[in-house]
Amino acid sequence: MTGRLSVVRPREPRLHSRPQELRVLLTTEGTYPYAIGGVSSWCDMLVKCLTDVRWEVLPIVAGGQRRVARFDLPAHAVLAEPIELWSEQIPRSRVKRRAGGHAEVRTELPGVLVRELIGWNGRLDSLQEALVWCRLRPAAIRGVFRSRAGWEAFLRGLGEVLAERADGAAAPPDFDVREAARLYQVLYWVARTAAVPTPPVDVVHATAAGWAVLPALVDKVLRGTPLLLTEHGVYVREAYLASARAPQVSAPARFAATRLARGLARMAYEAADVISPVIDANARWEEGLGVDPAKIQVIYNGVEVRNPPTSPPRTKTIVSVGRIDPLKDVHTMMRVMVEVLRRVPDARFLHYGPVTEGQEIYGRAVLAHHQRLGLGDRFRFMGHTPDPNGAVQAADVVLMTSISEALPMSILEAMGQARPVVTTGVGGVRDVVRGCGFVARPGDVNELALGVTTLLRSPALAQTLGLRGYARLRSKFDQGACVHGYRDLLARLGSRRKAA
Amino acid sequence: MSSPEASEVSITYARALVQARLGREPQDALEAAVVLEAWGGLRATSALALGHQLVALADGTEELPRSKEREERPRETGVVGEALTLVLTVVAVAAWAPALVRQLGAQSVASALWFALPLTLSLQWTLRSRYLGRTDGLGRLAQQRGSLVAGGLTLAGVLPLVLGVRGALASLLVITWVAGSVLARRGWGVGYGLVLLLVAVCLEAGFPALALVALAAALTLLAAWKALPPKASALRSPGPWAPAAAAGAMGAGLGVLFVGDSSADWGTNGALTALSLIPSTLASFWGGLYLRRLREVVPRALANVSVLHAGRISFDHSPLQVLTGALLRLAGASVALSAALLLFIPAAGFATVSPGLLVGFASVSLAVLTISLLESLGHTRLAVLAVVAALGGEFAVELSGGAAFSGAGLALGGALGALVALPLTVRLLLCPGRALATSLWIP
Chain A
1 MTGRLSVVRP REPRLHSRPQ ELRVLLTTEG TYPYAIGGVS SWCDMLVKCL
51 TDVRWEVLPI VAGGQRRVAR FDLPAHAVLA EPIELWSEQI PRSRVKRRAG
101 GHAEVRTELP GVLVRELIGW NGRLDSLQEA LVWCRLRPAA IRGVFRSRAG
151 WEAFLRGLGE VLAERADGAA APPDFDVREA ARLYQVLYWV ARTAAVPTPP
201 VDVVHATAAG WAVLPALVDK VLRGTPLLLT EHGVYVREAY LASARAPQVS
251 APARFAATRL ARGLARMAYE AADVISPVID ANARWEEGLG VDPAKIQVIY
301 NGVEVRNPPT SPPRTKTIVS VGRIDPLKDV HTMMRVMVEV LRRVPDARFL
351 HYGPVTEGQE IYGRAVLAHH QRLGLGDRFR FMGHTPDPNG AVQAADVVLM
401 TSISEALPMS ILEAMGQARP VVTTGVGGVR DVVRGCGFVA RPGDVNELAL
451 GVTTLLRSPA LAQTLGLRGY ARLRSKFDQG ACVHGYRDLL ARLGSRRKAA
Chain H
501 MSSPEASEVS ITYARALVQA RLGREPQDAL EAAVVLEAWG GLRATSALAL
551 GHQLVALADG TEELPRSKER EERPRETGVV GEALTLVLTV VAVAAWAPAL
601 VRQLGAQSVA SALWFALPLT LSLQWTLRSR YLGRTDGLGR LAQQRGSLVA
651 GGLTLAGVLP LVLGVRGALA SLLVITWVAG SVLARRGWGV GYGLVLLLVA
701 VCLEAGFPAL ALVALAAALT LLAAWKALPP KASALRSPGP WAPAAAAGAM
751 GAGLGVLFVG DSSADWGTNG ALTALSLIPS TLASFWGGLY LRRLREVVPR
801 ALANVSVLHA GRISFDHSPL QVLTGALLRL AGASVALSAA LLLFIPAAGF
851 ATVSPGLLVG FASVSLAVLT ISLLESLGHT RLAVLAVVAA LGGEFAVELS
901 GGAAFSGAGL ALGGALGALV ALPLTVRLLL CPGRALATSL WIP
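If you're matching them up, the sequences are chains A and H in order.
Count the first sequence with the numbering used here and you get residues 1 to 500, in order.
Count the second sequence with the numbering used here and you get residues 501 to 943, in order.
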């Protein structure tokens, strides 16, 4: 394998930079710069604040959709052509013909991918070898996957995976041909993603332990590029959560989706040089998933606090900032408001945030539920706000009902404005809201409503908790410290690469 | 308001919570842990530990009973309108022909059609592949409405410059027919057909032919512009160019097949030739409509077939039955409608329609059906090959010096195209699993 690697090199995009400048490839998945959300804001902050880094942003997005960049990249950052999954674009380059006149094909490729990514104990070296082959022969991938031999190799591999009996896993479900064909298609896109050429850089910084890591796995072998992995939410956990929330999905589809997420995350954890979760709670998940604690370096997400906090308006206003998304559990939020209104009839609720792209059905369900509960003007959907700090300033209490979070920006923004928080204790929330708000169990309407009511009825307590949150933010979740942490980490990894 | 630790949560409670949330046993420890954390409020470490215990207790991933999913069959909307559009269009073309021949000359009309039909089919197939044949097709097209109109205007300018009057007529016909396909997609096909008929009436009344056809082109283009939704509302980008270009080439080839047979006189007898198209057009529409069932039948034939048998030839022949049904409908309707036409035309006092021409058009329709099916199954190159074979057959008849009967070139070309396309199509439908995995879902 190594001998072949030195002969054929993929065409590399050129990334111009000054001699001593650190070059970083930032890989994103469905986020920056095309979507609004916590991860995108964090990427934007990092790219804009680390001006001494030459950034190349490589987004991985769903194909066939119209894309509009929601963030402007600064001059020291370049946006690469996005990798479009599920698109119908055929790879442009032609298959290299060998002396014998036949393209060198590797029909075992789909079998290897299913074994290593879907199997319970997939091996990184074997997967990397397959992915490197994809990068070196991008035009051969389609032929392999369209061939009978490729399909049969996949079926053999899948048969082995389905026959596995592993500790910690129940017996895999039966797959029918349609489900198998779907998984085959997914693996084709894994191969296509790995095949996309990347520029030579000093560090690859992946923003999720999923598809965003695939280019990095190849670069690690081909160029020895170090991999820094930052997890905002825990990728595998979110994939399982999504499947648990979709009871209509068949057992094989669920199995394929979650196993793929698990396979990608395992490979990402193993290949990463440093894993930098944004909160301790993520680190606990990563350790629980087998990551060596020595590899983990938590760098808290931070917000910039420019002005001293304003006084609460004392208008009994509750504010929530976040997308309308199943993970935010907006239904519970509305039920909490019903309970609050029973006890504080003059309270009002403002929700800021757009419906997540692709969750339009959920958005409609939320509106229908709002109508059913008869909340009317007491609970208003304000849509996207470009100024979340301003939105939070109008609040006496900030509410969050998510069932999954890492380190939510909306809570940091509330603390930055010295507003008390009532929230569900998911992900890293408990670590953040320590002594400056109420934490309830996810979906616990009564507990959440009790927290909100208490703070509305006791402005003095609300103010104390708010100021405590402000002080905590300044000491622990400061944007300067966050940026400084990444600068050091990237420089360390970059110098390691240059020394090598 | 603090989160419970694993020791505080009994395994029975944890199991009940996970089962209640999932409606089944967890598929693995991770799944159980995620549920316990998200809905049980446990910390990650506790949830992971408890998750392992739960999976050890579980005896499989069997689903708990829940209400049965209702399988919804997609509704076919606007089918009658689509069929009516086709009929009105073909009848209108037939009705335009005599007046056009009178005013512009048979040679000009025949030449114009020689350019217009292949160009129209090429553009229609391209539009279908890149925009109209897709979900939110009009929205995708709306994103490029400016360049489409610019293309139309260029066409209207260039062809007359190169070819004179016949070029002007050809370009106007192309604009009318292509814009008409946008209107049909929007569900405005009947209105479009009625405009064409109105133009036919005006032509018969002696109004200037070119001016009327130009008016029809302008009206349909304007209506097509209006038919497109606002650009900003489009969520999806157009399909890729490569398959669209291949589809365009196939459309052009099939268009040439229609006009390439010199025994089908599109000039002097243009009206009768156009009328001869009606049976095969309607039959092809019916066959194609039936063929749409493959969208449901193929996945249904594969559901519940174990992956262990994925490579075998399917013993569930339902995809093949659909193909057979479509071919029988095409053939049966062609025969019946042709017979009706043969009886009706002389009875109405017109010259006789050539039976050979009817056979020829039916044969071409058969080729179009099989070739487009092959293309939609992901075998574009072979579909192109089938088009080339069809054209080869037709030109062989032309080059041989004389057709045995009127429409012989069409008949032989169509039959050859179908013969090339059909075996591979049958083979693909015999192994629908592999076809789905390797052809349809790997672009």
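Just so you know, these hints were derived from the structure itself, not from any lab.
Virtual Cβ for every residue (Gly too), placed ideally from N, Cα, C.
Certain hints may be false.
Unchecked claim - Listed next, with one range per pair, are the computed distances between beta-carbon atoms: (1) I511(H) with R342(A): 49 to 59 Å; (2) A742(H) with G290(A): 42 to 52 Å; (3) A62(A) with P923(H): 47 to 57 Å; (4) T315(A) with G646(H): 22 to 32 Å; (5) K476(A) with R795(H): 52 to 62 Å; (6) D488(A) with R881(H): 14 to 24 Å; (7) P729(H) with L461(A): 31 to 41 Å.
Hints, one by one, checked against the model:
Between I511(H) and R342(A) the C-beta distance comes to about 37 Å, which lies outside the given range of 49 to 59 Å. As the Cβ distance of A742(H) to G290(A) is approximately 44 Å, the hint placing it in 42 to 52 Å holds. Taking the beta carbon of each, A62(A) and P923(H) are about 37 Å apart, not inside 47 to 57 Å as hinted. Between T315(A) and G646(H) the beta carbons are some 49 Å apart, a value that contradicts the proposed interval 22 to 32 Å.
For the pair K476(A) and R795(H), the beta carbons lie near 56 Å from each other, so the given range of 52 to 62 Å is met. Checked against the hint of 14 to 24 Å, the pair D488(A) and R881(H) fails, with Cβ atoms roughly 55 Å apart. Against the hinted window of 31 to 41 Å, the Cβ-Cβ separation of P729(H) and L461(A) comes to about 53 Å, which falls outside the hint.
Violated hints for the displayed structure, listed by number in ascending order: 1, 3, 4, 6, 7.
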